[in-house]
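Student: Which chain is which? The protein sequence lines are A and B, in order.
Position one of the first sequence corresponds to residue 1 (UniProt numbering), numbered consecutively onward.
Position one of the second sequence corresponds to residue 1 (UniProt numbering), numbered consecutively onward.
Rather than coming from a laboratory, the hints here were simulated on the basis of the structure.
Be a bit skeptical, because a hint or two may be false.
Computed footprint of chain A on chain B, listed as stretches where at least three residues anywhere in the stretch have a Cβ under 8 Å from a Cβ of chain A [what the hints assert, rightly or not]: (1) 122 to 128; (2) 175 to 185.
Incomplete in silico selection of chain A near chain B, CB under 7 Å [said to hold, decoys possible]: (3) V15; (4) V74; (5) L121; (6) A131; (7) R160; (8) G291; (9) A295; (10) L310.
The beta-carbon is built from N, C-alpha and C at its ideal position, and this holds for glycine as well.
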Amino acid sequence: MADTPSPPAPPRISVRTQTLSGRLALAIGAGLIVTLLSLPFWASQGTIRSVVELCCYIAIAQMWNLLAGYAGLVSVGQQAFSGVAAYLTFVLAQNFGINPFVAIVCSLAAPALLAVPVYALLHRLDGPYFAIGTWVVAEVVRLIFTNLSYVNSGAGMSLRVMTQYTALERNIAICILCALMLVATVGGSYLLLRSRYGLALTAMRDNPVSAASQGVNVGRLRFLIFVAAAVGTGLAGAIYFSSQLRITPSAAFSPEWASIAIFIVMIGGIGTIEGVLVGALIYYFAHQWFGAYGASYLIVLGILTMVVALYLRGGLWGFFSRFVEIPWFPTRRKLEPRP
Amino acid sequence: MLWLDGLMQGVLLGGLYAQYALGMALMFGVMRIVNLTHGDLVVLLALIAISLSAQLGVGPWTVLVLLVPLAAAMGWVLQRSVLNRVVGEDPLPSLIATFGLSVALQNAMLQIWSADTRSLPGGGIEQISWQVGPLFVGVLPVIVLGAALVLTAGLAWLMARTRFGRALRASAADVEAAAMVGTNPRTVYALATALAVAILGFAAVFQGLRSTVAPADGAAQLIFAFEAVIIGGMGSVWGAFWGAMVLGISQSIGYRIDPGFGTLAGHIVFLIVLALRPQGIFGRK
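Excised from the complex, chain A in its bound form:
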């Protein structure tokens, strides 16, 4: 703060956005990415499979977090995007002979192209109706793929071209793709939130009307987030099903994908990247330990989600942040006096 109001001296302040905990988290994050890349050389096939699954959960949840937590677009139909990307990967690799790992990257065109007309149609719907509208779109896409003989209808496809690679080669490629996916979805969101757009997004999250009055182009930003989230979700779908080597319409377009994203984000803490990571770990371990209980486990998960929505809107991370402030991904801007 300047002591003298006039003549106007340049304020002796600086904007600080990084913290010690943030730097530590970045270092740990980089370490984890390196570990992920080294997995094929020492971990078992089962471990790699689980880690790939966890990475896909994180990516899908973070994309849903951007949509619901910042853009105010609650979608329960993100499986449309993961499904079409996964299917395009299978078609390109299996029917056109494109290298399957290149196909995964090419397939991202599908969710991007699908997201444009979907948004154009659905943005007319009021908040809660938007959500069910996305679900209808996902159902439409599922029914189309179920009836399309080109992709073997309801019976689905197998990625037989993968047999030309050894298990090690496949694992290396999948782990590299997973690392890229995490950097793009989590790292990309972090960079986005620290940029000018991040300020606009945060303003929009808190109040879209007042954000618009401050010059934020809410409609355009929502559209861009919707497309970006579709692409990120698509990448996760393409990687997941390529590592499974098999796809069917009922698995690719299952509403369970939306459920997973919602559980992770709501229980972890909406509107924060830390919450997604916490939520993904909780969901992952809960699924490993209690998944065998089937229906009873899902009853508990459902009730837990409801309780969080009723009493603990910020999720576990929000609850934790009330007491201690050690952000892993600091996006807050702090003004500090400059010496």
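With chain A fixed as given, assemble chain B onto it according to the hints.
Tutor: Relative to the frame of chain A, chain B by itself:
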């Protein structure tokens, strides 16, 4: 003749969809929230109806008389314990809370009733049909359509002519102003949800009689109700009814084009309406 039959079956199917849609139109119109357990409640009520019928050995009409008050009570409890806490400008809390509840309900039903498809025995009424010219018209679907008409007209009358309807419309227009002139929003909301779920009690009995129910069916019914409401025009009771007719006819004609195309035809008509006339066919801008 195939198409005439398709049209007529579609109108009759629309009678069932109208009963799903009325409650959703009412709740959205009054509270601006969508209850994602809407379809699961139909399934739950239908399964309760089937168990009641088997346990007590009574016919479908007795079950209906027992089920509707039970449904109203469920709606009241749902509103008081869950929905009243999430009504507001932000759509997220209500969606997430009812989403969690929907997952829990579906799996609880799976535990209690297993994944089998069941139906409600109607004592022969489901097989009777009339011959109208070259067409056969089932008696039960006509009763369902008649019930839908009576329910829609009753709800429209209630909204337009009664003190309770005025309170509903006032709360829908401006909840704070309505509270200032003496309505209690929480009570109005609880009554609205009780009414919406009571209508689902009718839908559940007819669904159980006309076809089958299984715990995972709720999602489809939620989507059909939603499509009917949007096609017809949001917030209007008769709009929901006509939207259900359009949806029923689209699906029925679609099934006759190709059995894999029925549900998809309904979705496509919905998307076309959304693209060309987002306020709904019968809605005003």
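Student: Evaluate each hint against the coordinates.
Tutor: Going down the list of hints, with the structure as the test:
A stretch counts as covered by a chain when three or more of its residues have a beta carbon under 8 Å from one of that chain; for the stretch 122 to 128 of chain B and chain A the count is 0, and the coverage is violated. Requiring three or more residues with a Cβ within less than 8 Å of a Cβ of chain A, the coverage given for the stretch 175 to 185 of chain B is violated, as only 0 such residues are present. Hint status for V15 (chain A) relative to chain B: violated, with the closest Cβ pair at about 30 Å, above 7 Å. Given the 7 Å rule on beta carbons, the hint for V74 (chain A) holds: about 5 Å separates it from the nearest Cβ of chain B.
Because the smallest distance between the Cβ of L121 (chain A) and any Cβ of chain B comes to about 5 Å, under 7 Å, the interface hint for this residue holds. Evaluation of the A131 (chain A) hint against chain B yields a held restraint, the C-beta minimum of about 6 Å falling below 7 Å. Because the beta carbon of R160 (chain A) sits about 26 Å from the nearest beta carbon in chain B, more than 7 Å, this interface hint is broken. A hinted interface residue such as G291 (chain A) counts as satisfied when its beta carbon comes closer than 7 Å to some beta carbon of chain B; here the least separation is about 13 Å, so the hint is violated.
Checking A295 (chain A) against chain B by beta carbon gives a least distance of about 4 Å; that is within 7 Å, so the hint holds. Interface restraint check: L310 (chain A) against chain B, minimum CB-CB distance 5 Å, threshold 7 Å, status holds.
Checked against the numbered hints given earlier, the structure breaks hints 1, 2, 3, 7, 8 and satisfies all the rest.
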